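Chemist: Start from chain Z and add chain P with the ligand according to the hints.
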Amino acid sequence: MNWTGKDMDTYLLQKEYIDTLVIPLVKVETKMDNMKTSASSTEFVMHLASLIETQFKGRMMFAPPFAYTPETDQQHMAQTTLREFSTTTFKHVFFLTTDHTWTAMELPGQVIWMPSIPLENMDASLRNSILEDQLRQALPKFTEEWSKH
Amino acid sequence: MSSKVSRRQFLSYTLMGVGGFMVSATLMPMVRFAVDPVLQPKGEGDFIPTPQKVDELTETPVRVDFTIKDRKDGWYKSDVSNTAWVYKEGDTVIALSPVCKHLGCTVNWEGDEKHKNEFFCPCHNGRYEKNGKNIPGSPPLGPLDEYVVEVVDGYVHLGKTVPNTLV
Ligand code: FES
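Residue numbers (the numbering used here), protein chains in the order written: chain Z, 36 to 184; chain P, 32 to 198.
Chain Z extracted, bound-state conformation:
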């Protein structure tokens, strides 16, 4: 499910089935030299999110991406904005990111960290197979968490 009115309606009716929330975290660089990398990894995260969404539409809700800049105190963001997700009605919460910093922080859910792969010069089918490989690697994290409760 996506964070849209229509999908949210479905969620509200099917809460016991759609029990997982995924929150993409993306870093938006402000310096010219880093902007390309930042754009490219955002593209990667969003494509990956959309692939996971199609595969697991009926179980996962995707929040809009949370963006921050280099000056953001990520520790603080983890303890305030992101901590609010600990009271959500979703049973399982995941954060999807290419920013390694998050793996060292305490978040109200599991961090799925993926190394960013530049997709911009690939055609649709190559891009898809690359993303599917990445999903296959992340999958055990989801299934393991699901099997816990």
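Treat the hints as calculated values from the structure; they're not laboratory data. These figures come from a predicted structure and were not determined experimentally. Where hints are given, some of them may not hold.
Label pairs and their computed distance ranges (CB to CB) [stated by the list, open to error]:
# : chain 1 : residue 1 : chain 2 : residue 2 : range
1 : P       : E181      : Z       : L48       : 34 to 42 Å
2 : Z       : W38       : P       : G173      : 25 to 33 Å
3 : P       : T123      : Z       : M70       : 49 to 57 Å
Under the rule of at most 27 Å between Cα atoms (straight-line distance), these lysine-lysine pairs were calculated in the BS3-like manner [claimed, not checked]:
# : chain 1 : residue 1 : chain 2 : residue 2
4 : P       : K191      : P       : K84
5 : P       : K161      : P       : K119
6 : Z       : K183      : P       : K161
7 : P       : K191      : Z       : K41
A virtual CB, placed ideally from N, CA and C, is assigned to each residue, including glycine.
Modeler: For chain P with the ligand alone, coordinates are given in the frame of chain Z:
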């Protein structure tokens, strides 16, 4: 009042004209955006070629990926990737939609070791027979949709999805 258009009238007419134009310009793509464009080929009889040769099909469903080029979604064009599970039944080519009829996850052929010869939905253990018939006791309430199939020069071409005709 004179029949000449006053300055005020002129202004209000032109402004309304511009406003009306602006409204329709923003509304049109929004309407397109609202009508889910992903699963709807552009019209009846619109077939999309796949890389799958009919000769190479067997009775075991295989995954066939195909791309709808330049799908217009709102303001921008993009290619949409789609998938079908395709197999042969005698001489007929059958293509099933992978979209689970429970809440829309993607189903896999033999996606679970415990259930051979079935489609499996990983989200809530939904199960379907090979012809797409949902197995009672698992969450899906209806059979998998079917694609309209056309064979062109030995290749599978897929049209729109229709309710399952096999069960
Ligand atoms: S979405 Fe397939 S079983 Fe629930």
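Chemist: Hint by hint, say whether it matches the structure.
Modeler: Hints, verified against the model:
no., hint, in the structure
1, E181(P) <-> L48(Z): 34 to 42 Å, "holds, 37 Å"
2, W38(Z) <-> G173(P): 25 to 33 Å, "holds, 27 Å"
3, T123(P) <-> M70(Z): 49 to 57 Å, "holds, 54 Å"
4, K191(P) <-> K84(P), "holds, 19 Å"
5, K161(P) <-> K119(P), "holds, 11 Å"
6, K183(Z) <-> K161(P), "violated, 31 Å"
7, K191(P) <-> K41(Z), "holds, 23 Å"
Going down the numbered hints, you'll see the structure goes against just number 6.
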